[in-house]
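With chain A held as given, fit chains B and C onto it using these hints.
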Amino acid sequence: MFLKIALTTAFTAMLCLANVWGQCVVDDKEHEVCLERSATRIAALSPGATELAFAAGAGERVVAVVSFSDYPSAAQEIESVGSPSRLDLERLVALKPDLVLAWGTGNPSEQISVLARLGLPIYYVEPHSFSDIAGDIRDIALLAGTETQGDRAAQTFLNGIAELRSQYSNKPRVATFYQVWDEPLMTMNDEHYINQVVELCGGINVFADSSRLIPRLNNEAVLIKNPEAIIAGGMGERNAHWLEAWRTFPNLLATQRDNLFFVPPSLIQRPTPRLLEGAKIMCQRLDLARQRRN
Amino acid sequence: MTTLSARSVVLDLPNCSPLPMSFEMKSGEVWGLLGPNGVGKTTLLHTLANLRKWCSGNIYIDQIRLQDIHRLSLAQKVGVLFQEHQDGLPATVMETVLLGRFPYSASNWKNDSRRDQELTTAALEALSLQSLSTRSLHQLSGGERQRTAIAALYAQAPDIWLVDEPTNHLDLHHQVEVMSLLSQQAKKGGVMIMSLHDLNLAARWCSHVMLMYPDRSILAGQAQQLLTLENLEPLYQQKLVQGEIDGQTVFMPSN
Amino acid sequence: MLHRSPSMPLILLVFVSCATLLFSITQGSVSLSITDVSSALRSQGSQLYQTLVWELRIPRVAAAFATGALLSMAGALMQILLRNPLADPYVLGISGGASVMVLGAILVGASGIILSGAAFLGATLSSLLVFGLSQRSGQTTPMRLLLTGVVIAAGWGACITLILAIAPPQKIPGMLFWLMGDLAYAHSPWLAWVVLAMVSMLVMPFAKSLNVLARGPLQAAALGVNVVFLERFVFILASLMTAIAVTTAGSVGFVGLVIPHMMRLILGNDQRLILPASALSGGCLVTFADTIARTVIAPEQLPVGVITALIGVPTFLFLLNKGRM
Numbered sequence: 001m002f003l004k005i006a007l008t009t010a011f012t013a014m015l016c017l018a019n020v021w022g023q024c025v026v027d028d029k030e031h032e033v034c035l036e037r038s039a040t041r042i043a044a045l046s047p048g049a050t051e052l053a054f055a056a057g058a059g060e061r062v063v064a065v066v067s068f069s070d071y072p073s074a075a076q077e078i079e080s081v082g083s084p085s086r087l088d089l090e091r092l093v094a095l096k097p098d099l100v101l102a103w104g105t106g107n108p109s110e111q112i113s114v115l116a117r118l119g120l121p122i123y124y125v126e127p128h129s130f131s132d133i134a135g136d137i138r139d140i141a142l143l144a145g146t147e148t149q150g151d152r153a154a155q156t157f158l159n160g161i162a163e164l165r166s167q168y169s170n171k172p173r174v175a176t177f178y179q180v181w182d183e184p185l186m187t188m189n190d191e192h193y194i195n196q197v198v199e200l201c202g203g204i205n206v207f208a209d210s211s212r213l214i215p216r217l218n219n220e221a222v223l224i225k226n227p228e229a230i231i232a233g234g235m236g237e238r239n240a241h242w243l244e245a246w247r248t249f250p251n252l253l254a255t256q257r258d259n260l261f262f263v264p265p266s267l268i269q270r271p272t273p274r275l276l277e278g279a280k281i282m283c284q285r286l287d288l289a290r291q292r293r294n
Numbered sequence: 001m002t003t004l005s006a007r008s009v010v011l012d013l014p015n016c017s018p019l020p021m022s023f024e025m026k027s028g029e030v031w032g033l034l035g036p037n038g039v040g041k042t043t044l045l046h047t048l049a050n051l052r053k054w055c056s057g058n059i060y061i062d063q064i065r066l067q068d069i070h071r072l073s074l075a076q077k078v079g080v081l082f083q084e085h086q087d088g089l090p091a092t093v094m095e096t097v098l099l100g101r102f103p104y105s106a107s108n109w110k111n112d113s114r115r116d117q118e119l120t121t122a123a124l125e126a127l128s129l130q131s132l133s134t135r136s137l138h139q140l141s142g143g144e145r146q147r148t149a150i151a152a153l154y155a156q157a158p159d160i161w162l163v164d165e166p167t168n169h170l171d172l173h174h175q176v177e178v179m180s181l182l183s184q185q186a187k188k189g190g191v192m193i194m195s196l197h198d199l200n201l202a203a204r205w206c207s208h209v210m211l212m213y214p215d216r217s218i219l220a221g222q223a224q225q226l227l228t229l230e231n232l233e234p235l236y237q238q239k240l241v242q243g244e245i246d247g248q249t250v251f252m253p254s255n
Numbered sequence: 001m002l003h004r005s006p007s008m009p010l011i012l013l014v015f016v017s018c019a020t021l022l023f024s025i026t027q028g029s030v031s032l033s034i035t036d037v038s039s040a041l042r043s044q045g046s047q048l049y050q051t052l053v054w055e056l057r058i059p060r061v062a063a064a065f066a067t068g069a070l071l072s073m074a075g076a077l078m079q080i081l082l083r084n085p086l087a088d089p090y091v092l093g094i095s096g097g098a099s100v101m102v103l104g105a106i107l108v109g110a111s112g113i114i115l116s117g118a119a120f121l122g123a124t125l126s127s128l129l130v131f132g133l134s135q136r137s138g139q140t141t142p143m144r145l146l147l148t149g150v151v152i153a154a155g156w157g158a159c160i161t162l163i164l165a166i167a168p169p170q171k172i173p174g175m176l177f178w179l180m181g182d183l184a185y186a187h188s189p190w191l192a193w194v195v196l197a198m199v200s201m202l203v204m205p206f207a208k209s210l211n212v213l214a215r216g217p218l219q220a221a222a223l224g225v226n227v228v229f230l231e232r233f234v235f236i237l238a239s240l241m242t243a244i245a246v247t248t249a250g251s252v253g254f255v256g257l258v259i260p261h262m263m264r265l266i267l268g269n270d271q272r273l274i275l276p277a278s279a280l281s282g283g284c285l286v287t288f289a290d291t292i293a294r295t296v297i298a299p300e301q302l303p304v305g306v307i308t309a310l311i312g313v314p315t316f317l318f319l320l321n322k323g324r325m
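Protein chains in written order, with full-length UniProt numbering: chain A, 1 to 294; chain B, 1 to 255; chain C, 1 to 325.
Next comes chain A alone, as it looks inside the complex:
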């Protein structure tokens, strides 16, 4: 009996030694997340986190996603654990994740703290900048042991952004209004990453100095700012009807010059590598606005 215990102990110790892999990263909430072995079962609790995990090359290791995780299409095959704001904890725990990619402002903190209490490692995904996006991809890749792919994806993303910056950011400024939502009318201030996209493309966010991250506006505020270009997302990927409303204001510079542009919201309102595509479209649109000055 004693021998058996001794043997088991020795065996376990050897296993541990063999696995001194140990990786630590710092997440977007400045918490240190350490794993003893690479994550093989990842729960991605926001559509953005799912995209980042796939970009990091860890897509095959994602075992749980949430509603609206529609990209890449492989993500739609993965089991859902409910909506991000109301998780089915039971199903999530039953999937035995060894890494949880949580969404700080989208998942209820009470539910995430239950997961933490159960001993699951939590990595908060909350990128606020281009470098945050690249950093998150690298971190996830590191935790999942897919560094090569992750580094490549992060580098491609950063290179693309740098290219856009050198191409557009020194061009003449375009006063831009980005419409986040229609009713109520919403935009964002300069703390938001979409503001960085606007600046990257040589635009100026007309509401950059608002006190709130996502200010609510009325039409009057937009008319007074008289932006040269209006860029809107929409309810869907092809639905540009929000822009039609601006045509009722013929004195608006953007309306006069027909600078009412649509950028598919999934390409810009999710801080993921696809933001590069969204940024490209926005830069081209703003450039079009410049050309229409003559």
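None of these hints come from the bench; they were simulated from the model. Quantities reported herein were computed from a predicted structural model and do not represent experimental measurements. Positions of the beta carbon are idealized from the N, C-alpha and C atoms, including for glycine. One thing to keep in mind: the hints can contain errors.
Stated by the list, open to error - If you want a taste of the chain C side facing chain A, the calculated C-beta under 10 Å gives, among others:
1) Ser29
2) Leu162
3) Ile166
4) Gly174
5) Leu176
6) Ala186
7) His187
8) Glu300
Okay, now just chains B and C, sitting in the frame of chain A:
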């Protein structure tokens, strides 16, 4: 033997300061409070049950000051029939009558004693409510509710009965039944004090009356001596005629 | 009520409660067999099942039961206090006050126990406001009180909209939880159970006096009840229970209204029976509703308030239509 007495009591009535009143009421007496609307009959009854503050003077039950008696012992001594029935939550006739026993069983949380149950049954019988005992108060007519309230008071078995308009809502038959029941209770040793609008009920059933004038001191005493046209006409500001039918004095408004 | 043993319906309800609790523990978005659950309950078998049962299901089911019991008892007490079967913490704006305070606390960045404190403050403030404003020349008519409550509830509604409008977007999901009534975020059921046990022990000795109070304050005073004390006492307890229920599960409507009413229809009007019966069946209703909420369209989770309202509204209309109010 119970005595209820008031020494220079001034009632707390709005916008008039009534004259102080003094009186003494004893077991076996049936008192009728008579007076015009708004003179304070109901206020007096509530004051005598310590449900309402009064301005000055003292009220005694058997020489003990009213406010010195613990509320549960007071509820064993003094029972009130309210003129307006407060519409409470739903309850059956039986439940309502049983509540009359609360002052005796308040400390006995679990069950109501056998005596409580016997008295409740007796009260239901005394007011011929047995057939209605499981009905909800909301389904009863005004007269049936009035009889339920009187039955609850009967179950409470107080020494001093403060009864506000006992014949409200009652048909003639039940009026007679209730009045004779109340005067029986007085004969058994209770002090019966009732406010009445009907002079003839007072003349027939009350041994004593209190005439409450709005502008002068009350008159309290034997019914036979006080129920005269000289006293009653200024009380109601109404010309009256007096007659005698079947050996009973009756009063009628004159033309 | 006199002739039947009053403990019989209670024994039955205790049995039903146990059955509901056990049933809810066996149900979930992950299907576990009875044997799985029973071995997990005995801390045997798969580690995963033990975690599911002990860490996720039991705390949530316990929180659901306590919330329902607190709300029903608070509703039953308020209905006596106002002598109006339409009174409940939700209708009177008491849970509205608690929600506004909690939302305000979230807005300035508070969390944890401070939220419970804020909810209690809001519930008490709201009740004081309702009771204070509805008094005129020292007398409170139930109708006036109810009207004041309804208007104050509307006022809280406006405050809630205002706070939601000015709140930073990342705080909105947490706030919506308080408004919808949701047990998904219930962290610990213990506070609710402690308060439930404490209040039950405090209020049950007064059950007989409450029967008298239900006939009106004047009648109660004439029968020897200390009306002023009892009304304040009941009022504080009802506010406390509402506050704790709101901190546990947000503002869950209709439980406090419908359950005491149903109990009165079935069991009569004796508070010695109605109060514990309301607590037990309120607990059952919310536990059952929450079980539906977390399984019916799993993995999507519904807020429990949706289910209680969906059950409560038609029941209430049915009762109203039968003319029993």
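Status of each hint after checking the structure:
1. Ser29: Holds: closest Cβ of chain A sits about 5 Å from serine 29 of chain C, inside 10 Å.
2. Leu162: violated, 13 Å
3. Ile166: Interface hint status for isoleucine 166 of chain C: holds (8 Å vs cutoff 10 Å).
4. Gly174: Given a least distance of 6 Å, the restraint on glycine 174 of chain C holds.
5. Leu176: holds, 8 Å
6. Ala186: holds, 8 Å
7. His187: This hint holds: histidine 187 of chain C lies near chain A, its Cβ roughly 5 Å from the closest one there, short of 10 Å.
8. Glu300: Holds - the Cβ of glutamate 300 of chain C comes within 10 Å of chain A, reaching about 5 Å at its closest.
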